[in-house]
Amino acid sequence: MKEKTQVQDINREFYDFRYKEDDADRFEAGITPEIIREISEEKGDPQWMREFRLKALEIYHRTPMAANWGPSIEGLDVDKIVTYIRSKTRMEQDWEKVPEDVKNTFERLGIPQAERESLAGVGAQYDSELVYHNLRQEVAQSGVVYTDLESAMHDERYADMIREHFMKLVPPTDHKFAALHGAVWSGGSFVYVPKGVKLEIPLQSYFRLNAKGAGQFEHTLIIVEEDAYLHFIEGCSAPKYYEASLHAGCVELYVGKNSTLRYSTIENWSKNMYNLNTKRAIVEEGGKIEWVSGSFGSHVSYLYPMSILNGRGARSEFTGITFAGEGQNLDTGAKIVHNAPDTSSYMNTKSICKSGGISTFRSSILVKESAVGSKSSVSCESLMLDSLSRSDTIPAMDVRTKQADIGHEAKIGRISDEAVFYLTSRGLSEEEAKALIVGGFADNVSKELPMEYAMEMNNLIKLEMMGTIG
Amino acid sequence: MSEFLKIIDLTARAEEKELLHQVSLEIQEGETHVLLGPNGAGKSTLGYTIMGSPEYEVTGGKIYFQGDDITEEGADKRAKRGIFLSFQNPIEIPGITVSNFLRTALEQLTGERIKLFDFKKRLKNVMDTLQMDQSYADRDLNVGFSGGEKKKAEILQLLMLNPRLAILDETDSGLDVDAVKTVSKGIEEFQKKQGGSLLIITHNAKILEALKVDKTHVLVDGRIVAEGGPELVEDVGQNGFEKYLDKESY
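Quick note, the sequences are listed as chains E and F, same order.
Residue 201 in the working numbering sits at position 201 of the first sequence, with consecutive numbering throughout.
Residue 24 in the working numbering sits at position 24 of the second sequence, with consecutive numbering throughout.
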């Protein structure tokens, strides 16, 4: 009998399933201008995008690998990753028309249920194309645009807007993987919220990778005009593969004057994934960006959502959790640039590591000379479940004005034996007790999530905590 | 009467220090016993050891519950047998509400799904008995509770989980007079209505006023040094532990 213990290997069978690849359009490994042209051809890119991709490829080739910090990505062979796998399926508005195996994958991940229950629209990415996209009537009526980026690019109402904003916040020169993204990006969401529209129901998208050796390079572009509100939820889960897999997505968020954008993500990558994602928001006067971020899975993660507080009184709130198990090295955190007076940022993160997992929290706060009267508060807490695991905190602060209030707090702890005893004395098994305590530790994030996502996250934590399912 | 709780020559230690020396104690079903003793005598250690705390290592002796040897069993198994410990310092558990926790624990203990409607009704009744505001049901377990609220929450768990044997570790300490009365009412309900057995660790005779006490044990320096009826509570209340301490010194 397999014994269940809280430090056993994680059984990810539930998430690590996949269906056979059925892709006619699989390209050769390795990235050349020819491949990029083929991608453009396939997608029918407008001329500017064709040029943009080729230029990004050039930048990619001349940019060296990242500097010597953070976890090793030596196991990643980018040239071997097939950059563009398009499922035979085209975009569908009607769930009934989505092919059975694609549907099964989503069924197992609970997408249609979630959609049925309370979510406004689903943009679910299967491999590199959106296969299912639906937006409730009421959302569309409010003037909110929620579509895939490719379609929007060809819609003359949005074409200029996209050209004006696409990879302006995260330029291809940012780092090597941003350049790669610029060259090969495919799929993703475009959201536009007009002035004064406050969308009550959250919009959600669900990404997953399902082709061997395939990278995922989805691009999310969200533009929220003045006096508006949007909650966008991005959920990720990927099946397991034996070759190295890469995720180099890009998220660009534009938050207008006095608007609020809440951007929630639960990422659950397979344990061989290199997750090198870039997320950035720019916030105008009186606006607010709220990040809620749960990082699970992946072999290596580099993830530091950045907020540029660009107008007076702009605010950023970052709530995050990272769970690093066996064989995982997760380097996560957040960056804030205070670029205007009276801006404020608040960061509250938790990290959990077990069975030799490494979790590093990295924060970077830059307060410019102009940002007088700004405030920043960073708090991070780590929970180590055994002595094999490792947790580090690396805060960086660059404060260029004396008139700013900056605070940092870090705590590292272990699970309390007495708390475990307390719960077991009420009839809970030791592993249930530990899962409950870890779930409570992750409360900062689950309290910020809509109910069904909070439940999914709690289930993920339980799954990570228990040796086996059930 | 069949055997209920039987402790024979129990010796236990934490790290290198021996804290209990050959303690023997027997409680019959439905009885209420009081455990007295000066600070540091090992009263809590005995309570924790009966519950199965991994903090203490049993190096000698046996604990039997309803005829079964439970000396090596984990706390969750003992809980399922019907043993309950009310903590002196209840632990704050963020992330689960009192109500959800009680339901989870009940389902663990009984192995059955609990009907939400019946559960809520019962919870409301018990909270009324303990004069607890209903809002506590939806608050995270013990998180931000005052000392008195935590103790009430322990008695709430006692009444909801309905064990066979409850060990109350200084449930009355740190409570004001009114709170002691309320808590005592809850214990009385457990004793009389639910027919539960009790081992009450206390410094305070007040909490015992409304309860029928069957037997009293005095623990000094990890040893049972005196046993008697309810009159022993009064005696210790008046004269303290001095004579037992003297006895120890030679």
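Since the hints were derived computationally from the structure, they do not count as laboratory data.
Ideal Cβ positions, reconstructed from N, Cα and C, are used throughout, including at glycine.
The reader is advised that the hints may include incorrect statements.
What the hints assert, rightly or not - Residues from chain E that keep clear of chain F, each with C-beta distances beyond 12 Å, as calculated:
no., residue
1, Pro64
2, Glu150
3, Glu252
4, Gly327
5, Glu418
6, Gly439
What the hints assert, rightly or not - Pairwise CB distance ranges, derived in the manner of DEER restraints:
no., chain 1, residue 1, chain 2, residue 2, range
7, F, Lys124, E, Glu418, 45 to 55 Å
8, F, Phe119, E, Thr401, 51 to 61 Å
9, F, Asn100, E, Met65, 27 to 37 Å
10, E, Lys447, F, Phe119, 15 to 25 Å
11, F, Phe117, E, Lys447, 25 to 35 Å
12, F, Lys120, E, Asp386, 47 to 57 Å
13, E, Glu418, F, Asp69, 22 to 32 Å
14, E, Ala140, F, Phe117, 33 to 43 Å
15, F, Val177, E, Ser416, 41 to 51 Å
16, E, Gly373, F, Asn100, 39 to 49 Å
Going through the hints against the structure:
no. : hint                             : result
1   : Pro64                            : holds, 44 Å
2   : Glu150                           : holds, 41 Å
3   : Glu252                           : holds, 34 Å
4   : Gly327                           : holds, 27 Å
5   : Glu418                           : violated, 6 Å
6   : Gly439                           : violated, 5 Å
7   : F:Lys124 to E:Glu418: 45 to 55 Å : violated, 30 Å
8   : F:Phe119 to E:Thr401: 51 to 61 Å : holds, 57 Å
9   : F:Asn100 to E:Met65: 27 to 37 Å  : violated, 48 Å
10  : E:Lys447 to F:Phe119: 15 to 25 Å : holds, 24 Å
11  : F:Phe117 to E:Lys447: 25 to 35 Å : holds, 26 Å
12  : F:Lys120 to E:Asp386: 47 to 57 Å : violated, 39 Å
13  : E:Glu418 to F:Asp69: 22 to 32 Å  : holds, 26 Å
14  : E:Ala140 to F:Phe117: 33 to 43 Å : holds, 40 Å
15  : F:Val177 to E:Ser416: 41 to 51 Å : violated, 33 Å
16  : E:Gly373 to F:Asn100: 39 to 49 Å : holds, 43 Å
Checked against the numbered hints given earlier, this structure breaks hints 5, 6, 7, 9, 12 and 15; the rest are met.
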